[in-house]
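*Asks:* Okay, here's what each chain looks like letter by letter:
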Amino acid sequence: MHGYANPTRFLSLASWLTPLLLGAGALLTVAALVWGLIYVSPDRLMGETVRILFIHVPSAWLGMGGWTGIAIASTALLIWKHPLAAIAARGIAVPGMVFTAICLATGSIWGRPTWGTWWVWDGRLTSMLVLLFLYAGYIALAQASARDGGSSKLPAIFGLVGAINIPIINRSVVWWNSLHQPPSLTAGKSAIDGEFLVPLLIAVLGFSLLFGGAVLMRMRALIAEMQAEARLRRRALDDEAPMAAAPAGGA
Amino acid sequence: MSEPKPAMKAKHQRLVLVAIALAAIVAAGLFAAYALRNQANYFYLPEQMSANPPATGQPVRLGGMVQTGSLERQADGITVAFVVTGSEAATVPVRYSGILPDLFVEGSGVVAEGSLQADGTFLATNLLAKHDENYVPRELEGLHGEEAAQQAAETVSYGN
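Residue numbers (the working numbering), protein chains in the order written: chain A, 1 to 251; chain B, 1 to 160.
Just so you know, these hints were derived from the structure itself, not from any lab.
Model, not experiment: these values are computed from the prediction.
Each residue gets a CB set at the ideal place from its N, CA and C atoms; glycine is no exception.
Misleading hints may appear alongside valid ones.
Rough simulated footprint, nothing fancy, chain B against chain A, three-plus residues with beta-carbon under 8 Å [claimed, not checked]:
id	segment
1	18-27
2	109-120
To give a feel for the contact side, a few chain A residues facing chain B, derived at Cβ under 8 Å [unchecked claim]:
id	residue
3	161
4	176
5	181
Sequences are here, hints too, so could you generate the full structure?
*Replies:* The following block contains the structure:
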């Protein structure tokens, strides 16, 4: 596992894994969405709005899974100090925030016909909104410390502390009375009928592969950016060197 | 040779520190959640409301199941009266004037915003339908117990 923490080895792995993940993810996502949005029959209570499930649930899973990934990468960075862990955490942040936003938006659209309201401040909705703000804070902090050449320790600590929100989101509908329904999928049990469950699980897999592909793309872009910056800095130093060598030049 | 390699030692030190920090964060989160457990409820259940009734006229939310057979439409056409039940025997009668949410049916979940009146009825100013965790297609509704079938039959007759 440590072998792939080497940036060169990572780049050669990512160069063939990225198109593979994106291709397989796109294929599965399109199949699941066509199945879920067109062929699945309406729910007995919700009717056609049940179709939002096939976008909402995978997005919620990736929003929370994304932060879990940031927390794992942050732990690895703090203990083993490997720069690739910092790049991985930064690569996850933007796709994670996008899926959290999609989860909130689709949930709101589902809530209007189902509950009769766009938004309520119950435990689940509020903790998910907090996750969106945590992502925004993380992205700003990681970008600022990367640009100013600061330590990547600070965003890593933020990533770890923010992880406490993940079990809170997960348990919010169990601990507190909330408008959002309790979990439909628990270990080995499903309150979702098979007709909805199969396309839903395919959608979760497809979205996850797309997410993985997007994270690898972001990581490659971040590495390329850092290499370009290092090269520019070296060139600037080379240009400056003769001047610095000249004695008592113009100050 | 008795001294361990310095690099290993620093790495292990960080591992221990991060583990302690993680344990502290989890403990802090659990304490916060424990302290919030009653304050972060979105609504009161009927048994909570009868055990510890809010002041008359104080705005609160009541959540539970609409008791089957309790829904009555008043003569004015927009006022409905029904009974909300919880997991225990406690019930609270509710009155509401206004547009009902599409998913509001007997035997289904509801959250009522309003206040408790002096006579013990709950006067709702807004109703929200609460969906449960079950997702069942219309064709297969009969396979999921009599209750689901009955509920579905009502819904279909409302919908179509």
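*Asks:* Indicate, hint by hint, whether the structure satisfies it.
*Replies:* So, going through the hints one by one against the coordinates:
1. 18-27: violated (count 0)
2. 109-120: The restraint on the segment 109-120 of chain A holds, since 6 of its residues have a Cβ under 8 Å from chain B and three suffice.
3. 161: With Cβ-Cβ at 6 Å, under 8 Å, it holds.
4. 176: OK, holds: residue 176 of chain A within 8 Å of chain B, min 5 Å.
5. 181: holds, 5 Å
The structure is inconsistent with hint 1 alone, although it conforms to all the rest.
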